[in-house]
Structure formats: C-alpha cells, structure tokens
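Trainee: So the protein sequences, as listed, match chains A and B.
For the first sequence, counting from 1, position 17 maps to 16 in numbering that gives the first Met the number 0; every step adds exactly one.
For the second sequence, counting from 1, position 115 maps to 114 in numbering that gives the first Met the number 0; every step adds exactly one.
Watch out, some of these pointers could steer you wrong.
Just so you have them, the derived chain B footprint on chain A, three or more residues with Cβ under 8 Å [said to hold, decoys possible]:
| no. | stretch |
| --- | --- |
| 1 | 32 to 45 |
| 2 | 97 to 109 |
No more than 27 Å apart at the CA atoms, straight line, and that leaves these computed lysine-lysine pairs for DSS-like [stated by the list, open to error]:
| no. | chain 1 | residue 1 | chain 2 | residue 2 |
| --- | --- | --- | --- | --- |
| 3 | A | Lys123 | B | Lys123 |
| 4 | A | Lys119 | B | Lys123 |
| 5 | A | Lys119 | B | Lys119 |
Here are a few chain A residues that sit away from chain B, every Cβ distance over 12 Å (derived from the structure) [as the list claims (entries may be wrong)]:
| no. | residue |
| --- | --- |
| 6 | Cys2 |
| 7 | Arg8 |
| 8 | Ala14 |
| 9 | Tyr16 |
| 10 | Arg25 |
| 11 | Ala91 |
| 12 | Pro146 |
| 13 | Ile168 |
| 14 | Ala199 |
Hints listed in this document are in silico derivations from the structure and should not be mistaken for laboratory results.
We treat Cβ as the ideally placed atom computed from N, Cα and C, and that holds for glycine.
Protein chains: 2
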Amino acid sequence: MLCTDPSARMLALAAGYAHPRVRYCRASAESLSLAPECLDLVVSSLALHYVADYGTLIRRVAGWLRPGGHVVYSVEHPICTARDPMTGWVAAGEGTVWPVDDYARETTRAQRWLGTLVTKHHRKLATLIGGILAAGLVLTGIDEPCPDEQAIARRPDLADHRRRPPLLIISARRPERAPAEAPVTRSGGQGAFKRPHSDALTWLHPDSREVPDG
Amino acid sequence: MLCTDPSARMLALAAGYAHPRVRYCRASAESLSLAPECLDLVVSSLALHYVADYGTLIRRVAGWLRPGGHVVYSVEHPICTARDPMTGWVAAGEGTVWPVDDYARETTRAQRWLGTLVTKHHRKLATLIGGILAAGLVLTGIDEPCPDEQAIARRPDLADHRRRPPLLIISARRPERAPAEAPVTRSGGQGAFKRPHSDALTWLHPDSREVPDG
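When you get a sec, could you build the whole thing from the sequences and use the hints?
Mentor: Dropping the structure here:
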C-alpha cells in the first residue's frame, strides 16, 4: 500500500503507524506519477476539493487502476461549498437555515479553517459525477452520510448534519474491459515513483502542491 | 410511443398533438403494468417527486426496458425540496440565500403551486442515484441545468437559477446482459395494457394515483 500526503507534518504523524506493507511518501495527488494499471484501489478522504483540475486527476486515477479496480473518495458536499464566501448557518425567521448560493459558479472558495485561510474548489454535483463517467469509470455507489438518531442521542452536537449533508462519498470502478467509446487515458509511466510496494493508494490530505520527495 | 398521464385535462391538451405512432393513455406511473423488456426508452419529466415509492418504480422501469434500453428523468433538485415546509429565497444579511434544512428527512413536503396544495416527496441525492444502481441500471449521465450568461441576458428573471440548481436530470441504461449480482425485477406481464404501439414511454405528469382508463 502506498500512502501519500503533501504535508511533512502529516507524514511525521503517520510514521507512528508504520507497517511493513505500507509505504508513505510525500506528494500531492496531482504530482503523483504512477505506472498504468498498477493499482486495485484508490482511496481519497476529503482531499479532492483542494485539487484545481478534478477532471484530469480522475482520468489519471482511471489510468492507474487495473481493469476491475476501484476508486472511493469523499469530498465536502457541494451544498456546503457553494456559497461564496463559504459561511455557516444563517438566521432565517426564528431559526437558522443552511445558505446555498453561487451554485453554478465553479471557482475557488476561501475559507478560514483551523486558524488559516484555505482555498477550496466548489464543483457542482454534476461535475463530480460527470468526471467519473467521462473517465470511463462506472459509478458503483454514492452516499451522503448523516448521523442517525442514536448517534445524535450520544452526540447532540451532530444534529445539524441531518439538516444539510456535510459530505459526499462516491465510489466507482474501472470496467473489466475499457469501453471502446471512452478509452481510458494512460499516464505513460514516466513516473517519479517506482511501482508501489502493494496495490492500493490513499491520499491522506493532499491539499497543497508540494512536490514529491522521493 | 406510449404517453401516459393521470390527468384527463393534460390528455385533452395532448389530443391536439395527435400522431399515428403515438398512443396516449390515462395512468399514473405507479399503476402502469407493462410486459417485461418491451421498451427501448423511458422518459419522465418532473414527475418522480410526486411518486411515493421511488425504489419500486425504478425497479419496475428497469424490468420494462430491453437490455441496452435507456431511462432519462428530471426531478426537482433535492436542494429545492429539502426544507420542510418548502419555501423560496430567504433574507440573509443584505441579500438572500436559498435555504436548505431537513435534508436527511425523506418525507413528504406540502407546497402551494398554481393555487393548489401539492404533495412532493423529498429524497436525498444518494437515494435517487442509489435507486438507479439498486435496480441494476448503469448511470450514464447527470445534469443540473442552469441558464448561461446569454440566457440571462435575454431573460434576467432566470438569474436565480444559477444560484441554486432548480432541476436534476439523470440518465441510465439497462446493461446488455443483466449482471448476476443484481438481477432485474420483472413485473410479470399481468398488465392492464397490451404491448405499446411503439417502444418508448413518456410520463407527462404522473402526479396522482388515478387508475388507467383502458
């Protein structure tokens, strides 16, 4: 398994979870260069809303997957990233609502997060799923996880996440045979990385454009 | 082509567009009973948010489609149907925002529309697309149509539809061979209708539960 993150601090934390079959390397998702059809599974957690060119990255991921291989990713939900600037709940009547605005304007959004200003890329749902299909992948699942009543009983502070979905999770697979009408782009294997030790890739937090260190 | 609508008034309007290859009949989407694998294309326009049991209907549609056949439908966007009760834009600061709330509560929503109260069914995006996948269909497209700048120049009143998506359009196809892991349910052909004159079906406005008239 190959795990990548552009943050040296994240990789330092990961060093506490060393495992002989896991290789960590410092790289952003966009800077990775891997051999064609070298991976069975690509997992990305809350990272792709930091990536400027989503369509190109998904096509490259599709090229890295072996036929039948899978990709699963989570992103901040388009409902949450739409309004520019991004804000939280707003007052409406005697309560609050989640504000949606600027939905069709797929540009960057600045957000203050953990004391710093981060830049996210708002994309329509149709763009996220359309990029999967345009890469020749088959959509296999979609989820908008929300806490259930039991979870809210334990953690009342989670209740707002039933009022608007915080996350979107998408899974897809590369067809066993590449469909003739949508050939999968292959990256050409001019990679900075040799073939990973194993056959899965996770992006822990590729939110910057630092270059790979390996 | 078979066109169905539960409204006698809509069918009276349709009579003005008679065509030898088009057959109109009065029926709701849910009450239709058709032979297995009799259709190449099913089209539904802004109707499925009136249907109580979406998952069952999509499985029945999948059974009516010939292998390789397509379904395309539009619904009111979940962003628009979420808040209970459904409302329009709300004031926020010096402007307005589109209010989202109650997103995970997939129940009915009452809405005043053209002077009457209509009942819609709010569903999460994950439920809409998940129903497609659960029926053994392959997602082929998704769109959230919004007016472009040229359209807004001609029709400034359309500008708000760039701020939040009014519609969701989904297309899918039945695989050429039914996948072994998700057999398509077949309705059994005990139909009130004979095989339609042609091989496409449209639902004009199936928003009630009236029974077919023949």
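Trainee: Now tell me, hint by hint, if it's right for this structure.
Mentor: A quick look at each hint next to the structure:
1. 32 to 45: Contact hint for the stretch 32 to 45 of chain A vs chain B: violated, 0 residues under 8 Å.
2. 97 to 109: Check passed, 8 qualifying residues.
3. A:Lys123 to B:Lys123: The given pair, whose Cα atoms are some 15 Å apart, holds under the 27 Å limit.
4. A:Lys119 to B:Lys123: Given that 27 Å is the threshold and the Cα spacing comes to 24 Å, the pair holds.
5. A:Lys119 to B:Lys119: Status violated; Cα separation ~34 Å.
6. Cys2: 28 Å, holds
7. Arg8: 34 Å, holds
8. Ala14: 36 Å, holds
9. Tyr16: 31 Å, holds
10. Arg25: Label holds. Min Cβ-Cβ 34 Å, cutoff 12 Å.
11. Ala91: Violated: least Cβ distance 4 Å, not greater than 12 Å.
12. Pro146: 9 Å, violated
13. Ile168: 9 Å, violated
14. Ala199: 22 Å, holds
When held up to the earlier numbered hints, the structure conflicts with 1, 5, 11, 12 and 13 and fits the remainder.
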